[in-house]
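As you go down the protein sequences, you meet chains H and L in turn.
At the far end of the first sequence sits residue 343, using the working numbering, and the numbering has no gaps.
At the far end of the second sequence sits residue 275, using the working numbering, and the numbering has no gaps.
Hints are computed from structural coordinates only; laboratory data are not their basis.
Worth double-checking, as some hints may not be accurate.
What the hints assert, rightly or not - To be clear about the criterion: a stretch of chain H counts as covered by chain L if any three or more of its residues have a C-beta under 8 Å from a C-beta of chain L, and this derived list gives those stretches: (1) 278-291; (2) 305-316.
As the list claims (entries may be wrong) - Short derived list, chain H residues pointing at chain L, Cβ under 10 Å: (3) G6; (4) N103; (5) D114; (6) C116; (7) L170; (8) P172; (9) G175; (10) V196; (11) D202.
Backbone N, C-alpha and C define an ideal beta-carbon position, used for all residues, glycine too.
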Amino acid sequence: MENNRGVWVYMEQKEGRIVNVSLELLGAGRKLADKLNVPLSGVLLGDKVKHLCPTIFEYGADEVYVMDDPILKNYRTESFMKGVNHFAEKYHPEIFLFGATPNGKDLASAVATDLCTGLTADTTMLDVEVETRLLEASRPAFGGNIMATILCKKHRPQMATVRPKVMKALQPEMGSKGKIIEEPLDVEEENLRTKVLEIVKDTKKKLKLDEADIIVAGGKGLVDEKGFALIHELAEVLGGSVGASRDVVEAGWIGHDHQIGQTGITVTPKIYFAIGISGAVQHVVGMKNSELIIAINKDANAPIFDASTYSVVGDALEILPILIEEFKIALKQEEEEGEVKHA
Amino acid sequence: MHIVVCVKQVPDTRIIKVNPKTNTLDRRGIPAILNPFDSHAVEAGVRLKEKVGGTVSVLSMGPPNAVKMIRKCVEIGADEGYLISDRFFAGADTLATSYALYKAFEKMLEEKPVDIIICGKQTIDGDTGQVGPGIARRLDIPPITNVIEIKEVDEKAKKVVVKRKLEDGYEMIESSLPCLLTVEKDINPVSYSPLPNMIKAARYEPTIWKVDDLNDVDKKQLGLKGSPTIVAKMFAPPKLEGGKKIEGNAEQQSKQIVSLLLEKPELFEKKRGRA
Ligand SMILES: Cc1cc2nc3c(=O)[nH]c(=O)nc-3n(C[C@H](O)[C@H](O)[C@H](O)COP(=O)(O)OP(=O)(O)OC[C@H]3O[C@@H](n4cnc5c(N)ncnc54)[C@H](O)[C@@H]3O)c2cc1C
Numbered sequence: 001m002e003n004n005r006g007v008w009v010y011m012e013q014k015e016g017r018i019v020n021v022s023l024e025l026l027g028a029g030r031k032l033a034d035k036l037n038v039p040l041s042g043v044l045l046g047d048k049v050k051h052l053c054p055t056i057f058e059y060g061a062d063e064v065y066v067m068d069d070p071i072l073k074n075y076r077t078e079s080f081m082k083g084v085n086h087f088a089e090k091y092h093p094e095i096f097l098f099g100a101t102p103n104g105k106d107l108a109s110a111v112a113t114d115l116c117t118g119l120t121a122d123t124t125m126l127d128v129e130v131e132t133r134l135l136e137a138s139r140p141a142f143g144g145n146i147m148a149t150i151l152c153k154k155h156r157p158q159m160a161t162v163r164p165k166v167m168k169a170l171q172p173e174m175g176s177k178g179k180i181i182e183e184p185l186d187v188e189e190e191n192l193r194t195k196v197l198e199i200v201k202d203t204k205k206k207l208k209l210d211e212a213d214i215i216v217a218g219g220k221g222l223v224d225e226k227g228f229a230l231i232h233e234l235a236e237v238l239g240g241s242v243g244a245s246r247d248v249v250e251a252g253w254i255g256h257d258h259q260i261g262q263t264g265i266t267v268t269p270k271i272y273f274a275i276g277i278s279g280a281v282q283h284v285v286g287m288k289n290s291e292l293i294i295a296i297n298k299d300a301n302a303p304i305f306d307a308s309t310y311s312v313v314g315d316a317l318e319i320l321p322i323l324i325e326e327f328k329i330a331l332k333q334e335e336e337e338g339e340v341k342h343a
Numbered sequence: 001m002h003i004v005v006c007v008k009q010v011p012d013t014r015i016i017k018v019n020p021k022t023n024t025l026d027r028r029g030i031p032a033i034l035n036p037f038d039s040h041a042v043e044a045g046v047r048l049k050e051k052v053g054g055t056v057s058v059l060s061m062g063p064p065n066a067v068k069m070i071r072k073c074v075e076i077g078a079d080e081g082y083l084i085s086d087r088f089f090a091g092a093d094t095l096a097t098s099y100a101l102y103k104a105f106e107k108m109l110e111e112k113p114v115d116i117i118i119c120g121k122q123t124i125d126g127d128t129g130q131v132g133p134g135i136a137r138r139l140d141i142p143p144i145t146n147v148i149e150i151k152e153v154d155e156k157a158k159k160v161v162v163k164r165k166l167e168d169g170y171e172m173i174e175s176s177l178p179c180l181l182t183v184e185k186d187i188n189p190v191s192y193s194p195l196p197n198m199i200k201a202a203r204y205e206p207t208i209w210k211v212d213d214l215n216d217v218d219k220k221q222l223g224l225k226g227s228p229t230i231v232a233k234m235f236a237p238p239k240l241e242g243g244k245k246i247e248g249n250a251e252q253q254s255k256q257i258v259s260l261l262l263e264k265p266e267l268f269e270k271k272r273g274r275a
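Next comes chain H alone, as it looks inside the complex (with noise of 0.2 Å):
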């Protein structure tokens, strides 16, 4: 256990690009190997990944260990497990952070299980103790209602797997450089015993959730259908994205791919509207680091208003027609002051 030293973040990638998550969790993991005094390193694979070292860099690592294979195309748990356990049982890190991504997540599981160490699942706060070099992974328990703080004593490295959109990535700073720790994976095509035949994208969605800037989101104070499309056209107005509360999904209002909170997605956009929503932990867990929160209920002790930034107590479906009005209103007029400018 003392042999092992360092701080490893999974840098997964796609299409060659590296995910938001893994930037993040350099962020989170920088600050962990500060306090240890270790290195920082990203574990990267794929096929012709090699020119993303610069940025793993430039978001605050030391190193990166890296094995590039046309075997590691797409990701399939048994190539890139093989890679990744050969460095980790060459170079034994302390403490080994993914995200919690479909991909991050079948990956971290079969690696634990591999290293027989601790995975601890889903953290959203990650701490060091720094005499006893434990990782204090906490996470939601029992549907988001308690913290339940996770150690990892006897076994190395010490895993987690970490919630999209809840670490901060650091300012990347242009130039960086370090050291690149490249090897080959030891994988033959032929012993695989699993083949991607096809990857389709959702071209469904008009704009993703999760990336989105202005997220208009409704509950079940909207009383039904009907009140809902108000939550539409705000959307439709402001060029935003439709949310929506587990509740309203389960009436049919709205497809899953809208829920917003733990069993849902997570989002951070530049403003959240929360419309007729009570503010459930469950929900809560989901939105509460968007920039900027206005919540709309006519409750005035719903807990909704305990995360918003401006809170409107009021009944929705009375100031949602008067608010679209005056934005479609002011919009109009922006646009007009703004095309008089350019001419």
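Starting from the known structure of chain H, arrange chain L with the ligand on it as the hints suggest.
Chain L with the ligand alone, transformed into the frame defined by chain H:
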């Protein structure tokens, strides 16, 4: 084809309450249920059997009263149930759980081969989704997580094609058999149980194994002792502060919201770009 579905009995965390003073869970009167994700997994197994023939077994680790939950699986359409139950298994984290279930699979494999293992995506009490992949690694078979459809099964060629959900779409994966799938709720709804199943379930007694019924078990890898992770503490989620109130009637409130947001012109860049 022998299909095995791994299931767990869980407290219904959807109604569990937390005592805010002590940060402990109040479990009084909380019913134990079949993990909702696993009910979809059992149904997926039953539907697969309807297509290709064979048997569906369910396997669980849990307390003796988990027999009730196994009967629930029989109602859904499982043919056989296996429960490993022993105080040695208690307090297990995901690593120790996958070890115990792996040992149960070894025992099961003495009787007949297993072609496909199906697990629910995750449990509602642990919320990790780590046990399925863990079992697959220990059995050295491919794990495929987040499955939303079993497209094709070719028993002769020992191959399966499944649809795996991704953040922004899906992928089609071909795997050799045996393999382990963890399935999302989207894979299929759970149908109402037909009466004959209910009758069978009412009297059904699963096979129960204690730790000594399994072979070559390293007890150090079981239960609390075999668990690398521990819960060090529980605490209330960080409190949020709440914001500024916007007063007035609906019209005044609307006007204030509009002017507040227009002070942040960068927010509407995209909108303007389109205009
Ligand atoms: C394990 C678990 C996971 C969960 N995951 C999620 C999740 O991911 N996302 C999620 O959203 N929920 C989740 N939930 C459910 C969550 O606990 C709440 O039940 C849900 O968020 C409530 O939805 P709501 O706010 O739309 O409805 P309600 O709680 O019914 O609230 C409606 C609100 O509207 C207000 N209202 C009524 N009429 C008006 C009006 N005319 N004008 C303005 N306001 C009005 C009411 O005052 C009330 O506050 C989860 C629950 C559990 C147990």
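**Request:** Against chain L, run the beta carbon of L170 of chain H and see if the smallest gap drops under 10 Å.
**Result:** violated (22 Å)
**Message:** Tell me if the interface restraint on V196 of chain H is satisfied: Cβ within less than 10 Å of some Cβ in chain L.
**Reply:** holds (6 Å)
**Message:** Can you confirm whether chain L covers the segment 278-291 of chain H, using C-beta to C-beta distances below 8 Å and requiring at least three such residues?
**Reply:** Contact hint for the segment 278-291 of chain H vs chain L: holds, 4 residues under 8 Å.
**Per-residue hint verdict: N103 of chain H, partner chain L, C-beta under 10 Å** = Since chain L brings a Cβ to about 8 Å from N103 of chain H, closer than 10 Å, the hint holds.
**Message:** Can you verify the interface hint for G175 of chain H: is its Cβ closer than 10 Å to any Cβ in chain L?
**Reply:** violated (28 Å)
**Request:** Classify the hint on C116 of chain H as holds or violated, based on whether any CB of chain L lies nearer than 10 Å to its CB.
**Result:** holds (7 Å)
**Request:** Examine the segment 305-316 of chain H: at least three residues should have C-beta closer than 8 Å to a C-beta of chain L.
**Result:** Coverage by chain L holds here, the residue count being 11 at a Cβ distance below 8 Å.
**Message:** Can you verify the interface hint for D202 of chain H: is its Cβ closer than 10 Å to any Cβ in chain L?
**Reply:** holds (4 Å)
**Item:** Interface hint status, G6 of chain H versus chain L (Cβ within 10 Å)
**Value:** violated (19 Å)
**Request:** Could you check if D114 of chain H really has its C-beta closer than 10 Å to a C-beta on chain L?
**Result:** Because about 6 Å separates D114 of chain H from the closest Cβ in chain L, which is inside the 10 Å limit, the hint holds.
**Asked** Holds or violated: is there a CB of chain L closer than 10 Å to the CB of P172 of chain H?
**Response** violated (20 Å)
The earlier numbered hints that this structure contradicts are 3, 7, 8, 9.
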